[in-house]
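Produce the complete structure using the sequences and hints provided.
Protein chains: 2
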Amino acid sequence: MELRQLRYFIKAKELLNFTEAADSLNISQSTLSQQIKQLEDELDIPLFNRIGKRIALTEAGQLFYNYALQSVNRANNGKLMLQELNQLQAGSLNIGVTYGLRYLLTPALMRFLRKFPKVKVQVVFGTSEELRHRLLSLELDILLTFEEVVHDAHLTYELLFESPLCLVSSAKDPVAQHDQVLLKDVVALPLVLPSNGFSTREFINNTLLQNKLSPNIALEINDIPTLLDLVKAGNWYTILAKTTVKGSGLSAVPIKGKNMVRKAMIITMTDVYEKKAVGQFRKFMLDEVKRR
Amino acid sequence: MELRQLRYFIKAKELLNFTEAADSLNISQSTLSQQIKQLEDELDIPLFNRIGKRIALTEAGQLFYNYALQSVNRANNGKLMLQELNQLQAGSLNIGVTYGLRYLLTPALMRFLRKFPKVKVQVVFGTSEELRHRLLSLELDILLTFEEVVHDAHLTYELLFESPLCLVSSAKDPVAQHDQVLLKDVVALPLVLPSNGFSTREFINNTLLQNKLSPNIALEINDIPTLLDLVKAGNWYTILAKTTVKGSGLSAVPIKGKNMVRKAMIITMTDVYEKKAVGQFRKFMLDEVKRR
DNA sequence: TTTCTTAAATCGGTTTTATCGATTGATGTT
DNA sequence: AACATCAATCGATAAAACCGATTTAAGAAA
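Top to bottom, those sequences are chains V and F.
Quick note: the first sequence, position 171, residue 171 per full-length UniProt numbering, numbers continuous.
Quick note: the second sequence, position 223, residue 223 per full-length UniProt numbering, numbers continuous.
These are calculated hints, taken from the structure and not from any lab test.
All values reported here derive from a predicted model rather than from experimental measurement.
Ideal Cβ placement from N, Cα and C applies to all residues, glycine included.
Among the clues, some could well be false.
[To be verified] Negatives, chain V to chain F, calculated, CB over 12 Å:
hint	residue
1	I27
2	R50
3	F161
4	N206
5	N235
6	K256
[Unchecked claim] Only pairs whose alpha carbons sit at most 20 Å apart, straight line, appear in this in silico DMTMM-like list of lysine to aspartate or glutamate:
hint	chain 1	residue 1	chain 2	residue 2
7	V	K37	F	D271
8	V	K258	V	E202
9	F	K11	V	E2
10	F	K242	F	D173
11	F	K53	V	E274
12	F	K79	V	D41
13	F	K258	F	E162
14	V	K37	V	E14
15	V	K79	F	D271
16	V	K37	F	E2
17	F	K37	V	D271
18	F	K37	V	E2
19	V	K276	F	E42
20	V	K79	F	D41
21	V	K276	F	D44
22	V	K37	V	E2
23	V	K172	V	D185
24	F	K263	F	E202
25	F	K13	V	E139
26	V	K263	V	D173
27	V	K115	V	E84
28	V	K13	F	E139
This is the structure:
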């Protein structure tokens, strides 16, 4: 039993005339006759009564019609549904994002949703490590974060923008007056750093290791807004990309040195089918960067 | 898109391994790979992500799965339904019957329904003419009546039994004492006959025409039980097959002469598919005749 | 009746395609 | 580095869908 035969049967039932049905199906009457017969053989019961040159549905044909129709319709509807998905009139988009990129995400996301209101978007905040893991397990479609220390062969990286690594302090702190600071001065200050797993923390760990410096870590915390609140209180300092601090009212003084810069990236999986929604959203993000 | 491809996709989705799925489907891995690819091409979207040697469903595959499953299931269920029909665990049986054969019908019908309780039976009483018309238009599956004067080429006739044509009278009537009567004596009596359209009436018309006799018709009526009541009252006589009178308490004296006999028949349409239910019911009827 | 028309079934041959085995390429494992 | 595993690809083959022509049968028309 094949959909082709069901389609033939449906048309023959509707026209009750093999010759016309065959015309309508763009096949020969011979073919239609054979395919119907084959279907009847498989079902082990005639679907049509051949009365002279007329055909009429048997009870079996009458009963089977609804099943045939529904089977064909389910398949057709599945195809239509996928067409909608291709035109972004359906489907979902799962975005992973680190806190530092929220200011870029929100306007791009708003424009995307206005254009494709049928797409269900889920945004997941988390550490780079956690989000990268979820991207690799296909839980996420796209990841917005800072560049990793090591690249993963299964991932594709696309640069969004660069942001200098900064010493972050209360706006009233004397350090805020400086144009730039040295890394060795930074490690002397009491620091509140993001926990391991955050991309900037991994970057800091790596940089300090290379410079043989060890930081004065007062506190580690896995929530960036809370971390910023603590710094705002004035007792502690932290190290973050300039973008991350934007809009918080805190001071961010660039740290002097080569490579003292974070690269914001769009990360997706290599060689997996890229949803239309991902492609579109990527464009919105790149466009958002250009606007600034 | 064909059911075959949907079946392949479903299995591949369930096992998430083309090699195993192909084994389970008794096809080569090569074939499965090609058919899935063909399906994806037609749907214009990948159903699987090929990550290295692993495969995983795409969003499209996930969404399409339910449609594929339902399409295949509808077709399978249709086939199963027809199997039940073939085993008389479903379906309908429409029986046309003339009043004269009710005594044979009821016991056969009761046995049939006990054996095939799932079959929906409809019994239609009527004149032979009316019932034959409904049989020809496929409204009836089988017809139980007396032999027609002329046979229809589209109908198949099978003898059930023969019953002598009788002069019917009240049991107290002097005529009831006779062993037989002559046709010319019958036409002298005041008769109540079934209306035209009843097979016995057609037979009587024909017989009298051939014998150049004209009857003394007091009343024509199209309801046999009422006709019998009138005869029972004693003022009138009628002509019917002996079987028709059985159990009514009336006297039935055979009419002398060649061919003064009615043939009870099973009539079906020639060359139309005979339902399993019809075949079975026919057997029950013939069996019922043998029992007597 | 006979003829004519129409519709479905059948037949033989052709084209299409589903399928296979073998091979390749790529990946993860020992 | 060698090996095992899995999906993709290739070329060949077998299966099937399909067509045109013909046959068969039934209504319709002459």
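>> Taking the earlier hints as the rules, which of them does this structure contradict?
In response: Hints 2, 15 and 26 are the ones this structure does not satisfy, whereas the remaining hints hold.
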